[in-house]
Structures are given as C-alpha cells and as structure tokens.
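Colleague: Now for the letters of each chain:
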Amino acid sequence: MEFQTHSSPHTSRPNRVDKVMLQVVMALIPGTIALVFYFGWGVLLNVILAVASATAFEALVMKLRKRPVLPPLFDLSAVVTALLFAVAIPPLLPWWLVVLGMAFAIIMVKQMYGGLGYNPFNPAMAAYVLLLISYPVEMTSWLPPQLLVEQSLSLGEILSFKFAGTLPVDLTLDAITMATPLDEMRTKLDLNQMISEIRTSPLWGDFGGQGWEWVGNWFLMGGIWMVYKRTITWQIPLAFLTGLVGMATLFWLFDPESFPFPLFHVFSGGAILGAFFIATDPVTASTTRAGQLIYGAAIGVLVYIIRTWGGYPDAVAFAVLLMNMAAPTIDYYTRPRVYGHGGAKNG
Amino acid sequence: MAETGFRNIITDGLWSNNQALVALLGLCPLLAVTNTAINGLGLGLATTAVLVSSNATVSLIRNFVRPEVRLPVFVMVIASFVTAIELGMNAYFHELHKILGIFIPLIVTNCAIIGRAEAFASKNNLQRSLVDGLSIGIGFTLVLVTLGGMRELVGQGTLFDQAHLMFGEVARGMTLKIENFPGMLIAILPPGAFIGLGLLIMVKNLIDKRVVAKAATQTETSEGAAGVTT
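From first to last, the protein sequence lines stand for chains Z and D. Under the working numbering, the first residue of the first sequence is numbered 1, with each subsequent residue one higher. Under the working numbering, the first residue of the second sequence is numbered 1, with each subsequent residue one higher.
Please note that a few of the clues may not be correct.
In silico lysine-lysine, DSS-like type, Cα no more than 25 angstroms apart, as pairs [unchecked claim]:
#, chain 1, residue 1, chain 2, residue 2
1, D, K98, D, K177
2, Z, K19, Z, K188
3, D, K214, D, K204
4, Z, K63, D, K98
5, Z, K66, D, K177
6, Z, K63, D, K214
7, D, K209, Z, K63
8, Z, K66, D, K98
9, Z, K188, D, K204
If you're looking for bench data, these hints aren't it; they were derived computationally from the structure. Since the model is a prediction, treat every value here as computed from it, not as a measurement.
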C-alpha cells in the first residue's frame, strides 16, 4: 500500500509487506549459508521442508476462510516464519516435527488470531517452544560443527534419517549428535567445573562454540544491513544486546569462573538471531520508540536469567514470547504525546 | 421470573448455558485435572453429585433463609456436601481420590455451584432445581471428559487410561492405546488445557453459528407459513 502525501515531503519509500519481508529473507541468507556450511545438509532440508509446509498450510487456511489464496502467499510472511523456524531447529529433526511445528505456527498461532498483523505471539518462536516442550530430546540433539568430526553424514544418510528414522548400521544417534555450546556450558557448570577448565575442550572458539560464533557473525551482518536499510529500527536489537551484555558483565565481574564472559552469551545460541530477526517482528513487538527500548532490554535480561537459572539451555524463544505478552501494555504506557494534547513536561 | 419448561432447563445446562464452555465457570478444576478422560469423569461426577444435592437443599430452605445471610448459608450447605463426597470417594475410589487430590475439596470453590444455588435454586422449586443441578452437572462432566480425552489422546496416545480406578478391575480392557505413538507432551501439560478448551469453545460456537444459519435459510424457504417461532 502506498501512502501519497499532498504536502511535503514528496519523496517517499513504498512501504509494502512483501518488500519488507523480502529484505528479511535476504538478510537471513548469509547466516543460513553459514549454518549449512558448519552443520551440513540437514539445515537446508529443514529450510525447504519448513517453507513448503508453511506455504501449504497458509493456502489451506485461506481456502477454509474463503479468502483469496494468493496475496498472503506472495507477501512472504509465511516464508519468513518458516525460515526463522528452520534456522532455530536442530539439523537432524525428523521431518514430521518440522511439519507439525509449521502447522502449529501458521494455523493456530497466526491464522486463528486473524492472520498477518493480528497474531499476538511470534509464530516461529511459538512453534519452537511447542516442539521444545513436547519433544525435548529431539530438539536438543544438535550436530557438532563439521570442523570437529572426521566423517560427516552424507546427504543420502541425512535424508534417510529425517524421513525414515534409520541411521547407517555402525552409527547411533548418541554418537553423531551432541549438545549445543550453551547446553554444554550449563551441564559442566552444574558439575562445579571452572570456566577456564571447561573452555579447554576443542568445542570452543574465541567467543562461543566453534562454528556457532561464525553463524552468529553472519546473522549479525544481515541484521546490521536491515538496520541500514531501515527494515528494522535500531532500538530493539541494541536494547536486547545491551540488556544481555549488561547482565552478563555484572555477574561475570562478580565471579568470572562460574559466569561465562559477556561475549559468550552474545555469540551463543539464538542471541544475535533473536535480537535482529525475532524480537523485531513488527507485528508482535512494541511499536513506540521508547517502548521498543524497554521491550528489547527486557528480552535481553530475561534471556540471561532463563539461560543461567532456568530449566532449558537457550532462552530466546521463551523471553520473546513472554515479552510479546507484555508488548501491548508497554505500548500503552509509552504512547507519545499527541501534539496539542496534554501539557509538555518541561516548559 | 418467567417459568421455563424442563426442556429449556436441560438444554440450558447441557448446551446453551454450559458452565464450562459458555459461562467459563469452574475453570480451575477444569484445566487442572483434565489430563485424562477418567480423571475428568471422576471430578465431573463428584461435581454433579454436589450440584444436585446442594441445589435440592438450597431450594428446600429458600423460604427460611433471610436474604442477608443467604451466601454464608449456601457456602455451608455446599461445603458439607463436598466434605461428605470427599470422604466417600476416599473410601470407595481411593486411588482416584489420590490422583485428584486437592481438587475434590476444592469443588467447594467451584463458582458454578454457588452460581446455580444463587441464580436458580434459591428462586425455584425442588423438582426444577434437581433437574437444573443434574443437567448443569452433566454438561460440566461432558466437557471435562471430552477435554480429558482429547488431551490424553494427543499427549500419550491412550483413551480411558487407568479406567480400573473408576470401574474396577474389569475395566482394564477399556483402555485404548495407539501403538508407537510418540505423544505430544504439551497436551498433558497446563498449556494443553488452555489450547484444548479454546478449541472446544471454537467448535461449540461454530456449531451454534451453523444452526442459526440453517434456521435462517429454513424460515426463508417457508416464508409466511409458520415462521414466527424464534
């Protein structure tokens, strides 16, 4: 939709849903390629499967609602949901869990509330949480980055595992999967090990886990490009990362051997992806500028709290869903003053 | 108050004023114990028993209770019946009683019960109050069993699991099980109760809408004949 103005400024930027969504998809590409590079073909299969099933469910619901089927397919919002979901789930997740997650995201979380623009919760994160709560074993078995394994699964072997659940005879699932760096850090810390001791394992890179930190880096590139293109505002990512780093620094200074250093938190798990791509979802996030700062910072703080003292290794999905719930209230209390109504506070 | 027939009281209780789906009363036990159909049935029947007896008693004493003290009196009546039923269940369905735990004594706080005492039994005679208590109770039980069955089926792939707690050892064969079903844990956990109840309400509203639409087309076709009935 284009809004034409009759008075200045006359330069305008067409602000259309499909353009914005296309920019998000493009910004996600470098990080996704990095994921495929470090974790194998499973990631790409997840992307294909998620995009195909999300599109199919979207079309199905539009048909059932007796609405035109094509416009919501071409606005790419279902594709963005599917992509965000696909890069968050483990590469070896069985195919039916991917389809189930997308069915829940599109049908229950998005369309039952009225479709794009009406959903109070982020569909991709709701689907992720549904699967994480229901199938914790499948959802926490990640592959180790390919730099660390001698032989990785071939495309055919991955296909047969994802669709039929069978592995090559000499391999077991436990042998090829491992915990994520965040998970690893938690388990070791629970065993009262020192962080300097934990980090001697080859799993670790400079900041986060091997491979993981580079995936985070590429997502960061995409995110900064989106801020530059004004696809998203800078408030939410900055506040998110400030909240997370602030909390992490506080506890790290207090005891650097039991609380990981701040950059570890930024480059592990879904922090970068969450800050730039998930928390900034224009439908479910806070909309006022001041509200976005509060919203982002609260997510960052919650991520740290849930990661450190909660029951699950990563927390971005839970933190985002919790703050989705709070977003309308934040907006209510941070409404900008309408010109001419209500006195200005100073002079 | 306009005298409504028994038929209306029954359809009100079972469908159009269903305490769980329309009035949304008694949600605490409804959401908490419906992780299996049998748990739902147990709590539903206990609630029905309390409703019928409290409705009957309140109706009998309605002319002797001063309006200023009616609520404490109703609460006393309900609490006595709940205590009796709790002791009874502890004696005869001990295992089920252990599973339902605190939710049996908590029937006393089920707003549906005091709601019916105040809104219906204190204004109607014994027979009508009995029918009302029974139909409201059965309506509530049906929702509990349906929700419990749904959550059980999706969550662990069984139906009428642990039926022997309710009907004795012969009922062990009643349990249906889908083999090799992975189960979706969230349905058993609290969020599943909210999602399931939401879906049930959706289905009820959908059916109501269809019925209204059907009635509208029927009156259109038989225009002028006897279309005054609403």
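Colleague: Hint by hint, note whether the structure agrees.
Modeller: Going through the hints against the structure:
Between K98 (chain D) and K177 (chain D), the direct Cα distance comes to roughly 24 angstroms. Compliance with the 25 angstroms bound is thereby established for this hinted pair. Proximity of K19 (chain Z) to K188 (chain Z) is assessed by CA-CA distance (about 45 angstroms); at most 25 angstroms being required, the pair is judged violated. Between the alpha carbons of K214 (chain D) and K204 (chain D) the distance comes to roughly 15 angstroms, so the proposed pair stays at or under 25 angstroms and holds. This hinted pair does not check out: K63 (chain Z) and K98 (chain D) have alpha carbons roughly 48 angstroms apart, beyond 25 angstroms.
As the CA atoms of K66 (chain Z) and K177 (chain D) are separated by approximately 37 angstroms, the hinted pair breaks the 25 angstroms bound. Taking the CA atoms of K63 (chain Z) and K214 (chain D), the gap is about 22 angstroms. The hint holds against a cut of 25 angstroms. A hinted pair counts as satisfied when its Cα atoms are at most 25 angstroms apart, and K209 (chain D) with K63 (chain Z) qualifies at roughly 19 angstroms. Using a Cα cut-off of 25 angstroms, the hinted pair K66 (chain Z) and K98 (chain D) is violated, with the two alpha carbons roughly 49 angstroms apart.
A hinted pair counts as satisfied when its Cα atoms are at most 25 angstroms apart, and K188 (chain Z) with K204 (chain D) does not qualify at roughly 51 angstroms.
Checked against the numbered hints above, the structure breaks hints 2, 4, 5, 8, 9 and satisfies the rest.
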